[in-house]
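Turn these sequences into a full structure, and let the hints steer you where they fit.
Residue 558 in my numbering sits at position 532 of the sequence shown, with consecutive numbering throughout.
Incorrect hints may have been included.
Said to hold, decoys possible - Simulated crosslink set (BS3-like; lysine-lysine; CA at most 25 Å straight-line): (1) K301 <-> K236; (2) K192 <-> K287; (3) K55 <-> K488; (4) K471 <-> K137; (5) K361 <-> K753; (6) K593 <-> K532; (7) K686 <-> K477; (8) K488 <-> K606; (9) K137 <-> K154; (10) K606 <-> K565; (11) K55 <-> K137; (12) K731 <-> K686; (13) K731 <-> K719; (14) K532 <-> K588; (15) K740 <-> K719; (16) K617 <-> K686; (17) K740 <-> K780; (18) K689 <-> K471; (19) K192 <-> K740; (20) K731 <-> K361; (21) K267 <-> K287.
Please keep in mind that the hints were generated in silico from the structure rather than gathered at the bench. The structure displayed is predicted, hence computed values, not measured ones.
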Amino acid sequence: ICIDTSDAEVVSVVAHALASDIERITGIKPPVISSPYFSSEYMIIAGTIGKSAYIDDLILAGKLDVSNIEGKWECFKITTVANPAKGIKKAIVIAGSDRRGTAYGLFEISKLAGVSPWVYWADVEPEKRTSLYLTNGTYVSQEPAVKYRGIFINDEDWGLNVWARKNIDTEIQDIGPQTYALVYELLLRLRANFIWPAMQDSTKAFFYYKGNPEMADKYAIVMGSTHCDQMLRSNTFEWQKNFKSEYGERPGPYRYDINKKQVLRYWQDRVNETKTFESVYTIGMRGVRDGSIQGPKTTNDKIALMDTIVADQRGIFRTYFGKEAGVPQIFCPYKEVLDLYNKGFQVPDDVTLVWPDDNYGYIRRLSTPEEQRRSGAAGVYYHLSYMGNPHDYLWLSTISPALIAYEMTKAYQFGADRLWVVNVGDIKPAELELQFFMDMAWDAKNWTPAKANAYIDQWAKKIFGDDLATPIANIKMRYYQLAQTGKPEHLTTMQYNEEMQRERLKESEELWQLVEEVSTHVPEYLRNAFFQLIEYPVKGMALINMKFTYADWSFACYEQDKDLAKKYSQKSWQAFKAIKALTHQYNTEIKNGKWEGIITDSPRELKVYGMPDVAVKEVVDDQGLFDRSYDTRYIHRGDVFSVDFSEGEHSILAGNYTMKSDKEDDEVMTINGLGLGGKSISRYPFTNQSYPKQEFQEAPSVSYKVRLEKGLHKVSIKCLPTRSIHKGRNLQLAVVVDGGNPQFLEVHHDRKDKLWKSNVLRGFMPVEFETLQKKDGEVTLTLYLLDTGLAVSRIDFYSQNS
27 ICIDTSDAEV VSVVAHALAS DIERITGIKP PVISSPYFSS EYMIIAGTIG
77 KSAYIDDLIL AGKLDVSNIE GKWECFKITT VANPAKGIKK AIVIAGSDRR
127 GTAYGLFEIS KLAGVSPWVY WADVEPEKRT SLYLTNGTYV SQEPAVKYRG
177 IFINDEDWGL NVWARKNIDT EIQDIGPQTY ALVYELLLRL RANFIWPAMQ
227 DSTKAFFYYK GNPEMADKYA IVMGSTHCDQ MLRSNTFEWQ KNFKSEYGER
277 PGPYRYDINK KQVLRYWQDR VNETKTFESV YTIGMRGVRD GSIQGPKTTN
327 DKIALMDTIV ADQRGIFRTY FGKEAGVPQI FCPYKEVLDL YNKGFQVPDD
377 VTLVWPDDNY GYIRRLSTPE EQRRSGAAGV YYHLSYMGNP HDYLWLSTIS
427 PALIAYEMTK AYQFGADRLW VVNVGDIKPA ELELQFFMDM AWDAKNWTPA
477 KANAYIDQWA KKIFGDDLAT PIANIKMRYY QLAQTGKPEH LTTMQYNEEM
527 QRERLKESEE LWQLVEEVST HVPEYLRNAF FQLIEYPVKG MALINMKFTY
577 ADWSFACYEQ DKDLAKKYSQ KSWQAFKAIK ALTHQYNTEI KNGKWEGIIT
627 DSPRELKVYG MPDVAVKEVV DDQGLFDRSY DTRYIHRGDV FSVDFSEGEH
677 SILAGNYTMK SDKEDDEVMT INGLGLGGKS ISRYPFTNQS YPKQEFQEAP
727 SVSYKVRLEK GLHKVSIKCL PTRSIHKGRN LQLAVVVDGG NPQFLEVHHD
777 RKDKLWKSNV LRGFMPVEFE TLQKKDGEVT LTLYLLDTGL AVSRIDFYSQ
827 NS
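This is the structure we're talking about:
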């Protein structure tokens, strides 16, 4: 493998990684050399246009045409070239339009050879082969759909930090350069390029260890800082804990109105330190710990202060870069800052607006037509992991590809193509979901919501092979569906009726058995990968449902059958212990303890992870019991939701319509894997117009046939708890039964609405109306989708005649 030593350092890093990948497959490690003139007859030549003499020589000699990638962002070309230089018969040539383009091209060879991006992070070992061939031809990559694509390592206190200090950065006992090198390599393998680094209390600030940003530059990773940490600072550590050490004086309040001198210097110093690195700067200001901006009390005064802050920050850029526009900057309208933005705060036109989701995977709002014309464009901050109200989900990763595709396609179509960053918590166990997010960011048009479920099968095929792909994909899809009606972390907030408990228990036990059956067919070299990617999360989900269901049943039958109550109590205890055993296996038994500390089954020690109270307490040892009625940490009695998931006398999945009426370039799309029941409908593309109520019959529609008895019926339409796309749109349905008068239903609920909590925890939002039937018989119900962004999952009919 030949590279030019004058090329970017990342080219050498990835060339050596490719050599190691080939060794994993073949047992032979090709040398990485810096001259093509004293080598074998066959080689790989890789380099960046304008940075590699070997690539530039091939271009000058007319042997390599780079006109289709030159000057583009992160593109690469792979081609075979005969007689590229004296003594070389043939070469695989990888040319990158920039340094990351070259790195992605090198890793493309790894992928083609069968090396997963998760070769290190999930121990996905490639199949051994005696030969590797690349056929003659040319492949030219596209430009990525989204310019900056990356992760936010967050809430790392219970996993990544513990693992890093025990196993990787052992000298500093923290997340440091060696850990970040592993993270950066993963990002490059996923064709990502951006990071918001870890910033919780357990971890010292990213810039505390000078090797962290230096390693980022070595791997060509763009640095940023979170929505609440401006100008590449990390306030919880750098302002609250380390300010005196850095400056020799105590920090005053983190307020720009009364402490401008300290705050401004604090920002100036970081920009000066990072001016030679590739970075994206978060501008504006919030409180130190993701809190509200401190200072003025009125909205107008807060806006005036924010105007001053941003003007001064832009002045810093002029000082160190000689310009303000052109320096990558983002502004994240999050929480109270969104209120300021909505009430008139003006963000400079070249700054990227990064829209957040609601922490549960539903984007709060996107750009209006006017905002889409901004030169800074827009981006999205998305969550696959979250700590906060109404309840954390830090243990398992359960946001489905279908939901990711639905929300991020919507975002992309409304102009959010500048930056996508996803909160992945500790990275593991969000491997599939993270990879899907990054594949979407690379090629958003390919992974539409309708194709998202197919991705799971493709992903399983690439890792586990054709024979195992279908059963593994089926397990994962059922796993996401079980979480749709209650994430494992949220089971102390949910009260299910007996019918739903039985349904969830049955599904949990079947998932357990499916994993057991499939695992017997997994080849030995993929056993560790199967455990991490499939067995641990799916069995964990199954077991926590068993734990709570059997605990509840032990009380329900105690008075009538104490032996059965004892059996149920034992089953609950066994499920609790089985989760502990699985976690112990993860942390101690894989590759001689490689992952020690990476997984905890009780992040923050919330009560949902403990052993619930059971009727027969003597079956439980000294691990202790808890009253599951509420978690005193922040779940109050009023926030425990009694959720009715029961189907009506008639229940129809929205995708099972009898007729649909599409308009030109405006279809009703069925999305498998999305929402309650896993078969939702929505209008597509999302950018199509909204219809006013008086024109409801012009909107795309679907119809259903259902036989109802004479009398009054309640109709409950279960929708995904999404938001209207922006302030100029609604989320409205028109419903007509047998040609009667339309019922107009509004689905949008703001995050401040009291129903929002229950909607995101139960995974749906119901909208209801009543219809009176004059006789028994079949009726036709027609839904007119007046707005895009509205996803209908299920329709239930309940007789009110009693």
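Going down the list of hints, with the structure as the test:
no.	hint	result
1	K301 <-> K236	holds, 14 Å
2	K192 <-> K287	violated, 40 Å
3	K55 <-> K488	holds, 23 Å
4	K471 <-> K137	holds, 21 Å
5	K361 <-> K753	holds, 16 Å
6	K593 <-> K532	holds, 17 Å
7	K686 <-> K477	holds, 20 Å
8	K488 <-> K606	violated, 30 Å
9	K137 <-> K154	holds, 14 Å
10	K606 <-> K565	holds, 11 Å
11	K55 <-> K137	holds, 17 Å
12	K731 <-> K686	holds, 12 Å
13	K731 <-> K719	holds, 24 Å
14	K532 <-> K588	holds, 23 Å
15	K740 <-> K719	holds, 22 Å
16	K617 <-> K686	violated, 54 Å
17	K740 <-> K780	holds, 23 Å
18	K689 <-> K471	holds, 21 Å
19	K192 <-> K740	violated, 58 Å
20	K731 <-> K361	violated, 44 Å
21	K267 <-> K287	holds, 19 Å
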